[in-house]
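Q: So the chains spell out like this:
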Amino acid sequence: MTASLCVVETNRLGYAYRKKDGNLALDGVNLRIASGEYLLVCGASGSGKSTLCRTFNGLIPHFYGGRLHGEVRVAGKPTSEQSVVGLFEEVGMVFQNPETQLFNSSVAREIAFGLESLGLPRAEIQDRISATAQILNISELLPRNPQELSGGEQQLVSIAAVLAIGPKLLVLDEPYANLDPVSVRRVRAALKMIHQKGMGVVISEHRLPYTVPDVQRMVVLHQGRIVLDGPPAQLLALDVERFGLELPLPVRAGRRLGLTPLPLDVETLPSLDLASPPPFDLKTVPPDLPPAAAHIVLEAEHVSFELNGAPILCDISFTLRQGESLAVVGANGAGKTVLLKHLNGLYRPTRGQVRVMGKDTRRVKVSHLARHVGVAFQNPDSQFFKLTVWDEILVGPKALGLYDEAWLRELVKLFRLEPLLQRAPYRLSGGEKKRVAFAAALAHRPAILALDEPTSGQDWHFRSALGNLLAELRMQGQAMLLVTHDLSFAEQHAHRWILMAEGQVVADGSPWHVMADKTAMDRANLEPTDSFRIFSADRSHPTLADCIREK
Amino acid sequence: MLDPRTKLLLAIGYAALTVAATRLTWSLAEGGVLLLFIAVIGKTRSYLRWLRMMLPMSLFFGAVVWWTADVRTAALAALKLLTLTSVFFVFFSTTLPDDLGNSLVKVGMPYVVAFVMSTSLQFVPMIHRKIKNVLDAQRARGIPLEPGWSALRHYPAFLGPILIQAFQMAEELAEAMEARGFGLPGRTFLKDYLMQTRDWLALSGGLLVLIACLLGQHGWG
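Protein chains in written order, with the working numbering: chain A, 1 to 551; chain B, 1001 to 1221.
Hint data in this document are derived by calculation from the structure and do not stem from the laboratory.
Given the structure is predicted, the values throughout are model-derived calculations rather than measurements.
Derived Cβ-Cβ restraints for the label pairs, each shown as a range:
no.	chain 1	residue 1	chain 2	residue 2	range
1	A	Leu257	B	Lys1191	52 to 62 Å
2	A	Gln216	B	Ile1041	53 to 63 Å
3	A	Lys19	B	Phe1061	47 to 57 Å
4	A	Ala424	B	Arg1072	46 to 56 Å
Where is the CB? At the ideal position from N, CA and C, for every residue including glycine.
Work out the full structure, taking the sequences as your base and the hints as a guide.
A: Below is the structure:
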């Protein structure tokens, strides 16, 4: 690759966040990104993906400091000799959290910000805003306040704000981390179009199903080093699981069937016939149902809820039994978290009632309901205030007067928190923080454990470890309510789904029963999981599906 | 409509008039005019929500004054505080933060100062959401953070997460600004801010009303 075709080039790149720190976040990275290339940088959490991306636009080392070895060249010039603002015309960066990178009062002004920095004339700024909004199909959002948009819309606006500047390379750090499947679809389509128009795109992600079908090349990072580099169909034939990556189900099925090239998504998976050895063990098996006579711990009866006069929930009824795992699924904004907050009285129904352990939540204090319902919300940073993990876990039991040393020790063991007990909770990694929050929610032995988006932004290691933990808790008879838009996780770990759309329950039943209800899934703007699409009769393979059912 | 600078000057003028009121009748009249204006611009619903927070604060302020003075002074003080804050409610609910900041840059305010001011205002709703999330998360763990005196004992459970998240937000914001060329010299603006005839008319009218009201309250000599 000649230098002129290469937008970014790293040579023996090494980096440590602290000058005197021996831990290298990047170690000997050699990478060349060609003009117009669509590249995936993947790896488990902490592998160095985000760090590598921040070297492309000079944020590392200019913004973060630290110790950098080797060099990064952008358009042939070393980044060490340029400032971040000197590089932003070459490399545009979209960060993981759209909320904090949108700081203007309207979408139009958000897109204009970078163009104003360039000192462009007013007429040209206006033209570029219109053109970019048209490309990303967000023209109708231009007058709106970015903070009032959905997560997917915010991510598109973040992309537009960078795209308008016209960089040679667009870098996105975990753009799908907090998005629901609907929004992921929209952002993926936008990125594909941007690439087709000739712009280079680098995406840092650990969730392969959303990325490998789109990219031309992937590099796998492990402990700060590039361990694999090549086209996805070739690399995924290798043992990438050892680097903490989960293979997409169609790839696993393709590998089992010996298909070449490997199918990267369900659409490219060729029709299976009975002559092929059917990959039965790839089908997701939902957990065993608890006994029907199990004690009811939660009942919602015709619950409706209004906030500032606007209807949020409408006529919702369900029950939860001891040992049962119930998933409330739906796109962002469907009312899932509002429903969860009814469990512990943070919200109380406008009509209908919620009973926790037989008690009407409208007549009991939140602090009393907290004894029966342990909740871990999506962002663990909203609850940490103690100096050590151990003290953080003790907060609930002390506040509620339900201290049980033996149970707490067991919990610490179950969540593998021993090495973290004396560390500051807000200094832990994302996955570790989640584990602490889940342990804290269970610390006073509540009858119901409610987890809000437990897998959001987490890698395969975390998801599988959490799956094992939930299985152990289910065996102990713990009732669980998972609020999530991660359908494949909910398919594996919930006995039953409640599918929500616009504040209403549109389907209720086993995961496959709900996914088979096409009208309800369309209404909720969700697509069935890959497992369902491959193995259900819906994919015009009735014989295979029948065969699986028989087995 | 009006230029943000005009609105700011009119708001300052009205605030001065509010502070200068020495009689309860004047203060009531000023509050009444403001209420009428809020209804005319269609902000009644958001004003009522805002009033839920501001009314107890004003009553508390009035109670403190009553303790040290008389009922009449206390009522006047509470009413003044309510009207004064309502003036700025009207100003901020009709003026976009970046319009205010960018228009002040035009009259010589350094861009960095204007940006800090407008971005702080822009992030108020987000901080409000974060405060609510922290309160919900801690109450769900059994920490009694319901409004009241007992909540004061548990302030670290509330302040700790808010401060940590505020620092995280500031860092992420700084990174995003840097990556979009913040601080490059020669910045242009999408919108131009020019004082129109209607702005000068509004300012002149406002000044006349202010003088007339002050003279009306305090007499001619």
